[in-house]
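Visitor: These are the residues of each chain, in order.
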Amino acid sequence: MAEAILAAELRKSYPPGVQALDGLDLSIEAGTIFGLLGPNGAGKSTTVRVLSTLTRPDSGSARVAGIDVTADPVAVRRAIGVVGQKHGSAPEATGRENLVEQGEFYGVSGRELRRRVADSLERFGLGDAAERRAKTYSGGMLRRLDIAMGLLHRPAVLFLDEPTTGLDPEARADIWREIERLAGEEKMTILLTTHYMEEADRLASRLAIVDRGRVVAEGTPEELKSELRGDTIHIELAEGGRVDARETLAELAEVEEVSLAGTTLHARAANGGVAIPAVLAALDAAGVRARSVTLARPSLEEVYLRHAGRAFAQANSEHEEVAT
Amino acid sequence: MSAVRQTWQVTLRGIRVFVRQPAYVALTLAQPLIWLLLFGALFRAITQIPGFHGGSYINFLTPGIVVMLAVSSAGWTGMGFIEDIAGGVMDRQLASPVWRGALNAGSVIYAAMVVALQTVLIVLLALVLGAHYVGGFGGVMLLILVAALLAAAFASLSNGVALLARQREALIGTVSFVILPLTFLSSALMAQNLVPAWIRTVARFNPVNWAVEAGRSAAMQHIDWGLVASRIGLLLALTLISATLATRAFARYQRSL
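Here the protein sequences come in this chain order: A and B.
Under the working numbering, read the first sequence as residues 1 to 324, first letter to last.
Under the working numbering, read the second sequence as residues 1 to 257, first letter to last.
Isolated chain B (complex conformation):
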């Protein structure tokens, strides 16, 4: 019970930063819209590639943009820890008996909430642009769930890297190194039957691709329950593993103090 309240306090701290900085809110909400419009314009032609069976371009791209945004938004979560370390917030927290898991979980839940909000915006704009949600309301909810899970997993990993590296530069380097390859090694922007075989193979082990496949199947197609359930299961496992790793990283960080 107190673990839940402690987690909520940390989430609340994130929400306060979010709502009390109007410029930050505006950018966070504008970003998904710009991405959808830009990528939509850029990739319109892929539907003309022979062998493309993804349906309308907006239908194909919407889940891809959602997932890309989830990764790149949540990937920077660790910056909050870096700031806490540079100020005195982290030391103050660690000198208290607060459950370490709450410090990570609280920030991860906040990151997932932001991504869920951004996903709702993308879904609505795509609807205006002519997307057809074959999976209906339930399918869209599953897409949001998948995006939030992926965001949670990457937010934990980002927090873990922040605790181990403690340097802004190291986190920026790691995050920017990881995000684009993971996106391009998935079917976010390109149909899997049109990419080289080795990319298809790698994509099977790529969490970003699990999220794209599950989200696309649930929201945009006649849902393949086996596929969606298995990918959600994998994402859930990844989220738990990365949260455990991030929580353990606090002890590593303290040893270096």
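Isolated chain A, as found in the complex:
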């Protein structure tokens, strides 16, 4: 099948010297939901901005719906729908007015526009709120309006940049059902960015883990998880800097791989339940005190940990430190 999105060697930096994209490659088959997973600041949103022609890459090339994003951005814009992280609707305009404006921007007008607006208000459960100003909408309603606006001109490719961030669980489930329907019934290609593992796992048929501006792992969620071949044991140490603890565990037959991040040891084992007693005994013998031990089954979070070398939460908090 043809690729709906093809990106090669995308690079982009922002002053002062932040390398947002550092040679990012992507290939997304038409008619699939592709998840772009990574911590804040990994380059997910920059990727969406480049592919949706909001901005240009410093170097590299990309084709969306078969059109080169730098050579013919206007043609790309006609072929895609974009739902950004922030709400795109005008707060003082009603839901209907926002949809009409969006339609006119894409060259849809007259009776055809009125019909599409009425249809999408119904479909996104905004029929009763159609004549209310967007600023009176709840977060979930605003998100549904954003998606309705992104779909009004019937794009071939839809970009969803963190569509459920900040939503309550009920509204999130709502959006998930809608995204699944789009891919199922309408065979739309959807590029979804998220930092929720659960969301990527449920929606995406393929996904790429992005860290520091490049793709560090790619595959179906199952492929990525099976790549782990086993469980991960997280050991919180009572004191930091115990490199000897890592060496102690590396010598154990039950343990396949060990890494130390701050005061946490991450040990990978084919069967975590069997390995834990041996791990604890070895640490005890080496005089290393453990504060807590947790066992994690294969999950996307573990996949991320393996490829990016640090836990999601840690990467996110690192980013926040930079931001403040």
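Calculated directly from the structure, the hints in this document are not laboratory data.
Here the structure is a predicted model, which means the values were calculated and not measured.
Some chain A residues judged to face chain B by a derived CB distance under 7 Å, without partners named:
1. ARG49
2. SER52
3. VAL74
4. VAL82
5. LYS86
6. GLY88
7. ALA90
8. ALA93
9. GLU104
10. PHE105
11. GLY107
A few chain B positions that, by computed beta-carbon distances, are all more than 12 Å from chain A:
12. ALA26
13. LEU27
14. ALA45
15. GLY55
16. ALA116
17. HIS132
18. TYR133
19. LEU164
20. ARG168
21. THR183
22. MET190
23. VAL195
24. PRO196
25. VAL202
26. LEU234
27. LEU245
Some chain A residues close to chain B (C-beta under 8 Å, calculated; not the full set):
28. THR53
29. LEU54
30. THR55
31. ARG56
32. ARG78
33. GLY84
34. HIS87
35. GLU92
36. GLU101
37. TYR106
38. SER109
All C-beta atoms in this analysis are idealised placements derived from N, C-alpha and C, irrespective of residue type, glycine included.
Got chain A sorted already, so can you dock chain B onto it with the hints?
Guide: The following block gives chain B in isolation, referenced to the frame of chain A:
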């Protein structure tokens, strides 16, 4: 055709904000009245300055107040773009194939409409206060046109600054830095024959002064067609140039994303 419809959608968005916030409407309409009354009281004495030939003080001041208000009202137009950037409206628009010129023109037309409305109010209040419109209805219409043109030019410039600076503070700083000097370097509040020669020289290049001269001549005096036509021509040129610059600023803004 679709460019016109897209422009209208953007203008409509401004009108909705205007009519759906009663407090905002009240302030916008009260402002011209307060200005005319305050400045009228403050500058009443200038007619007594030897060498002042401007006629009655209300006749002299009305076009000056109209133009001052046009600049300071339209100068803040870029705040709308700043809000659109801070929310997601700007990115949503720029990810669409909408003609960039429509995004600027739509907001500029809205700003000019507000100024035209404010001008009508000033003209009516001045009439009550005893202004005598020598130029008649046609002259008053020309005054409104001149105010709207000046507003359009400054609205585009404000939008352009907003797109380049993207920060509320930078726009506030720029606008407040520019407005008062431009007003004082014109004949809005003081007869040109009474100001220092260097101010007269600078005023010849000041768009605010072009608008004051044209508006005053058209509405308050026996119209000097040569003067009015040339000043309107200059204002028209400025409006087109600043609209072009503002439209180009979208590309600059996108490069920084």
